[in-house]
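Visitor: With chain P's structure known, arrange chain E on it following the hints.
In the order they appear, the protein sequences are chains P and E.
If you want my numbering, it's the 1-based position in the first sequence plus 1.
If you want my numbering, it's the 1-based position in the second sequence plus 1.
Hint data in this document are derived by calculation from the structure and do not stem from the laboratory.
Watch out, some of these pointers could steer you wrong.
Since the list can't tell identical chains apart, any single copy or any two copies may satisfy a pair.
What the hints assert, rightly or not - Taking lysine-lysine pairs in the DSS-like style, the calculated list, with each CA pair at most 30 Å apart, reads:
| id | residue 1 | residue 2 |
| --- | --- | --- |
| 1 | Lys198 | Lys410 |
| 2 | Lys128 | Lys8 |
| 3 | Lys128 | Lys259 |
| 4 | Lys94 | Lys128 |
| 5 | Lys451 | Lys259 |
| 6 | Lys402 | Lys259 |
| 7 | Lys8 | Lys259 |
One-letter residues, chain by chain:
2 protein chains.
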Amino acid sequence: MENIPYKTYLAENEVPEAWYNLRADMRNKPAPLLMPSTGKPCAAKDLEPVFCAELVRQELDVTTAFFEIPGPIRDFYRMFRPSPLVRAYFLEKALGTPAKIYYKFEGNNTSGSHKLNSAIAQAYYAKQQDLRGVTTETGAGQWGTALSMACAFFGLDCRVFMVKCSYEQKPFRREVMRTYGANVTPSPSLTTQIGQKINCEHPGTTGSLGCAISEAVEAAVSTPGYRYVLGSVLNQVLLHQSIIGLEAHAAFKKLGVKPDIIIGCAGGGSNLGGLIAPFMGEKLRGENDYRIVAVEPASCPSFTRGRYAYDYCDTGRICPLAKMYTLGSDFIPSASHAGGLRYHGMSSTLSELYDQQLMEAVSVRQTGVFEAAQYFARTEGILPAPESSHAIRAAIDEAIKCRAAGEAKTILFGLTGTGYFDMTAYQAFNDHLMRDYVPSDAELEASLAKLPTIG
Amino acid sequence: MENIPYKTYLAENEVPEAWYNLRADMRNKPAPLLMPSTGKPCAAKDLEPVFCAELVRQELDVTTAFFEIPGPIRDFYRMFRPSPLVRAYFLEKALGTPAKIYYKFEGNNTSGSHKLNSAIAQAYYAKQQDLRGVTTETGAGQWGTALSMACAFFGLDCRVFMVKCSYEQKPFRREVMRTYGANVTPSPSLTTQIGQKINCEHPGTTGSLGCAISEAVEAAVSTPGYRYVLGSVLNQVLLHQSIIGLEAHAAFKKLGVKPDIIIGCAGGGSNLGGLIAPFMGEKLRGENDYRIVAVEPASCPSFTRGRYAYDYCDTGRICPLAKMYTLGSDFIPSASHAGGLRYHGMSSTLSELYDQQLMEAVSVRQTGVFEAAQYFARTEGILPAPESSHAIRAAIDEAIKCRAAGEAKTILFGLTGTGYFDMTAYQAFNDHLMRDYVPSDAELEASLAKLPTIG
Chain P
2 MENIPYKTYL AENEVPEAWY NLRADMRNKP APLLMPSTGK PCAAKDLEPV FCAELVRQEL
62 DVTTAFFEIP GPIRDFYRMF RPSPLVRAYF LEKALGTPAK IYYKFEGNNT SGSHKLNSAI
122 AQAYYAKQQD LRGVTTETGA GQWGTALSMA CAFFGLDCRV FMVKCSYEQK PFRREVMRTY
182 GANVTPSPSL TTQIGQKINC EHPGTTGSLG CAISEAVEAA VSTPGYRYVL GSVLNQVLLH
242 QSIIGLEAHA AFKKLGVKPD IIIGCAGGGS NLGGLIAPFM GEKLRGENDY RIVAVEPASC
302 PSFTRGRYAY DYCDTGRICP LAKMYTLGSD FIPSASHAGG LRYHGMSSTL SELYDQQLME
362 AVSVRQTGVF EAAQYFARTE GILPAPESSH AIRAAIDEAI KCRAAGEAKT ILFGLTGTGY
422 FDMTAYQAFN DHLMRDYVPS DAELEASLAK LPTIG
Chain E
2 MENIPYKTYL AENEVPEAWY NLRADMRNKP APLLMPSTGK PCAAKDLEPV FCAELVRQEL
62 DVTTAFFEIP GPIRDFYRMF RPSPLVRAYF LEKALGTPAK IYYKFEGNNT SGSHKLNSAI
122 AQAYYAKQQD LRGVTTETGA GQWGTALSMA CAFFGLDCRV FMVKCSYEQK PFRREVMRTY
182 GANVTPSPSL TTQIGQKINC EHPGTTGSLG CAISEAVEAA VSTPGYRYVL GSVLNQVLLH
242 QSIIGLEAHA AFKKLGVKPD IIIGCAGGGS NLGGLIAPFM GEKLRGENDY RIVAVEPASC
302 PSFTRGRYAY DYCDTGRICP LAKMYTLGSD FIPSASHAGG LRYHGMSSTL SELYDQQLME
362 AVSVRQTGVF EAAQYFARTE GILPAPESSH AIRAAIDEAI KCRAAGEAKT ILFGLTGTGY
422 FDMTAYQAFN DHLMRDYVPS DAELEASLAK LPTIG
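Here chain P stands alone, though its shape is the one from the complex (with noise of 0.2 Å):
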């Protein structure tokens, strides 16, 4: 092995006191939310019904580079950060490549992802604004987990809107949001007007995030003292996770590397838009080159096959329009295994970057994600996450184009979480019961047609 530690954790001294606002260093910014009844672009007043007031001056907030952390965030990511920068020596050797794999590796928490680095911010924002309690929805139950043990840390109520897909593929995941103490239920439910709605339009459905949005904010705003919370898509959310992406820069600035390409899986965006922030920068600035991947499903291809529009961010159509890559919001994704990245939309500042073609975007079918997370399991001995295999499938891919051309490319990828919550889709892979499903173009057009003329 190189002199190059298997493993590179920051000291405590070393961790980013600020997280860093992408934004601010686009010369182009993502374009802003619109009020669905008007059409004009949200202001603070309009979001604070639904949003923490703090959370709304992070959304809207394009130009302030750097947000101090405050002390008790700081505090609670002492529990689990800073994360391993870890390099794949062991699949790098199994591969036979030149290449040089690096992955920041996000599952050593209970939430089982990176989802917990904006969970407990959102969580200290409700609590310091007086809030009974938070609701939210929840996809894989990585979000729903990670928010529940940020809101017992705080002593906040928790309730959650589970992807009933997830719900039943993941009976445990909800076993452990009750012993944070949280309210679980599976969406589209009868307990809200839009679930209602959407289980008469769609009987059967296996629900989406895009369902699941609107029920947790339609719960939200009749509930006193509550407020929405979102796990991924929003800028806040991104602002969060750039924690992942600073630290990573730290460490590969302590080790005297500078990575070539940099690949994250892509749902909604959260773990994609932390990991690359400081290196996007970079490129922003001019300062440094790098090829940005994104790397999203086959079944929910929203980069790779959508249309850049202004749509609604949730199915029920109450939430702000945002400006994305979108397959529509009428579009609800096969049920996939990996919950975490069914999603018809995309964060608007990684749309918009995309637009620009300062990243790029492959998709992915799951039985080739599952093959490479076997191989990752047996040879880096973490079992990963459906949703970050994606990132490992295409980090494999060009591992081994770096075989065939003789280069020793330096890849990182953000291995987001661990999959122990995902057995049901492991045994699908283990009985080769797996399918691949990929819409049609029929499918996608329609869903299309519909998107909004607003904007």
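Guide: For chain E alone, coordinates are given in the frame of chain P:
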């Protein structure tokens, strides 16, 4: 917070390069294993049909203090070691105790526990001996998972007999092992003669580690190119697990801190024996004193209610006899949720130390254990394994005593693993359906009456 980091990691070049054999410093050595056929101490040739040759050498060596860790094992360790020594600031604050609480966290790897420390060593020696595969038993599933990972890494076959009640409580554990290519059978099974016999004598039994050991040994000796490997109890296992204590000891030295009380859960003794090794060594050599506390379940109280005598290590009585604290090899513990602590006996080394009053033991009931587990999860952000939570319970009890007495003692406990595959148990607790099981005196007397007269 004080000037002690939340987590202390050794640098990779500070990680111990040799395991420590505590027996070398014991004046009164643990009693030797005896052959059941002759009642005479086992020689290497007696054990080699069952165990790998190098592991037999380690098992029988009571004088060599340090065994160098082979390079490939040290490399594998780099995937998940060094493990952090964590200062439980949040737990201390929640308890309002002046005690300083530390835990050595072994759960940050896919097997979910410390078991991987010995699994990779045993798989390595099996590979070195050109074996085809190994058999083993698993209780909670952590050892089976660890061995599956280790075997996948070295390309060995792996057959796991999983205690039936765990197999049923933890459907997804099996899938993890399958993902690593292992073959998993619920025990007692109908695939071995001893399994058939036990099923016949105890119809409907939920199994025990003692039964599963018998089955795994039978499968190993009756399959060419196979050996049996065990995840606890044996001296070779305690030797490998000494890495836990050695790292903790080095980390404390780095911090300039000395623990007063060291606490670990004890089933067969692998974690406790590993955690305390260098500290007990100092105590034996008169260099330092520590209070050392074993914590066992009230449902399987080998130390606190068992007898120190020669007994069979397995229910089927095909293994060598060991002198140990035992409840009798016929004792089948109730189906408690801490599958990893359901063993009738105890490491002979720990038994001898306990008999010499060099350590203490307490037993705790599982409802109290899960109260502690939930409290810990909510304050420290880690969902602990039921087994590990026995140590948490005892550590909290000691910290509360410190609060009452106004004493700022330093407590170290072993947090052996995570509870992600134990959600059935948490569910029972969340639903207030968990019960405590404590064997009656009559039950224990009946079982102890059948102890062999040998030895």
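Visitor: Which constraints among the numbered hints does this structure fail? Numbers only, ascending.
Guide: 1, 3, 5
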